[in-house]
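Participant: Here are the chains, one letter per residue:
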Amino acid sequence: MPRTSRTFWIAFVVVVAALAVAPLGLPEFWRKFLTEILIWGLLAMSSDILIGYTGMVSFGHSAFFGLGLYGAAAALLVLRSPNLWIALAVGLAAAALVAMFVAYFATRLRDIYFAITTLVFSQIFYVVIFTWTEVTGGENGLYFTQPPLAIPGIFSVRFSTVSLHWFVLAIVALSYLALRRITQSPFGMVLQSIRENEPRTRAIGYHVERYKIVAVLLSGLFAGLSGTLYAIQHRFAAPDFVFFTVSGEVVIYNVMGGMGTLVGPVVGAAFFLLLREGLSRFWAEYYLIPLGIAFTLMVIFMPQGLLGFLKRRVNQ
Amino acid sequence: MLEQILVQTVNGLVNGMVLALVASGLTLIFGIMDVVNFAHGDLVMLGGFTGAVTVAHTGNFWLGLLVASVVIGLFGALLQITTLRPLIGRDPLTTIIATFGISLVLQKYALWQFGPTAQNIPQPIAGRFELFYLQYPWYRLGAAVMAGAIIGALYLFLKFGKYGIWIRATTQDRVMAAAMGIPVPLVHTGVFAIGAAMAAASGVLFAPLAAVTQTMGFDFTLRAFIVVVVGGMGNLGGSILAALFISLLEAYASLVVSPSQAVIVSFVALILTLLFRPTGLFVPTPK
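Those protein sequence lines, which keep their order, are chains A and B.
Using our numbering, the letters of the first sequence map in sequence onto residues 1 to 316.
Using our numbering, the letters of the second sequence map in sequence onto residues 1 to 287.
Treat the hints with caution; some may be incorrect.
[Unchecked claim] A few chain B residues facing chain A, derived, Cβ under 8 Å:
id	residue
1	Lys108
2	Thr117
3	Ile226
4	Phe267
If you are wondering where the hints come from, they were derived from the structure by calculation, not from laboratory data.
Glycine included, C-beta positions come from ideal geometry on N, C-alpha and C.
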């Protein structure tokens with residue numbers, strides 16, 4: 001095993017172990033908070049494939065997240081006995097459906113046009129979900145029961161805060177490994193080459209459109225996965241989660257943590273959510289004023305994000 | 001039914017002119033410095049609030065319009081110097097992300113400064129006229145005419161004014177303009193200030209039609225984006241036609257569905273435009 005690879009695995013195991021043990025020593029509120037950071041972290045990672053690796057800024061990740069959320073909600077409400085795996089599957093299928101539409105645009109639109117279209121596209125879903133009250137519950141959202149953690153015929157237990165955390169941690173850790181593998185594979189290299197120079201990538205002979213389609217589909221699927229996890233944790237779905245605010249926050253996680261690093265966006269999500277938790281106690285909604293200023297300054301002076309900045313400092 | 005359609009046509013044209021005023025600022029800014037200003041709608045909102053405060057203190061609508069445009073124009077210049085000037089030459093995507101940060105700050109600043117309640121400006125032109133089954137306020141037409149006058153003034157300024165020619169030269173070729181002695185960074189700041197002032201003016205014109213709330217900025221940004229893309233990025237005439245087109249579409253759609261659902265029509269119009277005519281609906285086909 002090469003040395004860098006061993007360091008990575010040691011670091012990975014240490015971090016996952018720390019995250020697994022952490023809820024045991026934390027009060028109930030922070031346990032849930034930690035799980036939530038992991039869920040938003042997964043959403044941030046999923047968008048990193050597009051923003052960081054392929055250079056396509058999506059301002060519409062709330063659509064994938066929201067459809068995952070509402071898909072899981074639908075599965076949990078319609079079935080007589082709520083089933084975890086069916087909820088996950090339906091949520092993923094719903095997100096994949098949206099991702100296919102967005103993938104179709106992605107092949108035709110670049111840069112700001114892609115950003116604006118994803119933004120507008122996610123707003124379509126927001127308006128539909130907000131106004132279609134009979135099905136989606138409209139502004140009030142949907143409430144449903146939490147499915148038990150079960151393998152049919154073998155066992156079935158209710159989730160506790162800690163076991164839910166472990167479940168989410170397992171999914172997020174596996175997703176991270178999958179995403180890392182994808183981004184380091186030849187496929188991931190082509191994505192980065194599209195980001196650096198699209199015409200040249202095309203000239204070398206890569207079918208850029210196909211790569212973009214797969215990138216958007218992957219990104220949408222993992223974003224949908226985080227939406228279903230959110231549904232399972234919070235047991236309710238609301239149109240607010242499909243609104244632009246969520247997409248905007250995802251972009252903030254990416255910029256703050258460091259685009260194109262996978263870990264960075266998770267760190268960014270943790271950083272943002274902790275700051276929000278801390279600041280909103282004193283300043284209510286106004287925490288976004290200092291945070292927004294910090295964010296804008298980071299875009300200008302620290303485009304590589306917190307992680308990239310730290311990496312550079314360590315290397316010096 | 002025919003009468004309803006005609007009334008909606010008037011409504012669509014009135015909303016379209018106000019939207020055109022917002023969008024022409026946005027498209028001007030994009031055309032000259034490749035900046036997609038995500039905070040544009042928030043400048044509309046701040047303009048509306050500034051106007052509302054001025055009108056509340058002085059009772060003079062026209063003074064409110066003037067003060068809001070000047071204050072927000074200066075603020076726009078400040079914004080451009082502090083946050084956008086360092087970004088010149090970087091990807092337009094970076095500017096959309098940076099201005100998104102600004103938009104967050106402005107929205108919460110407005111909440112802090114002006115509170116969560118909606119603020120109103122009384123209509124400066126009283127009186128109504130009969131439009132079929134409606135008593136139609138004159139002010140609505142007045143707002144459209146004023147928006148048109150401001151856009152017209154901008155057009156004349158760009159066409160004949162010395163600084164307008166500077167702006168057009170910089171839009172066409174930044175490097176060549178600099179070589180001819182045009183202070184390009186100053187032109188950039190000036191254009192951003194003009195765009196911001198136009199946004200503020202439309203905020204004040206819009207305020208008596210509805211009300212100013214701190215969350216209205218995003219809505220305006222979204223619509224202005226749609227208009228600017230449908231009209232062809234950086235194309236002033238195209239943006240104005242697109243603003244009218246989109247507003248008419250929405251007005252007609254709201255005959256059939258609720259107004260909150262009618263916005264979907266303009267979303268779909270944008271997506272169809274991008275798929276089939278990505279250079280914009282109202283520009284000649286590029287050769």
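Participant: Each hint should be assessed against the structure and marked as holding or not.
Facilitator: For each hint, the structure was consulted:
no.	hint	in the structure
1	Lys108	holds, 4 Å
2	Thr117	violated, 15 Å
3	Ile226	holds, 7 Å
4	Phe267	holds, 5 Å
Violated hints amount to a single one, hint 2; each of the other numbered hints is respected by the structure.
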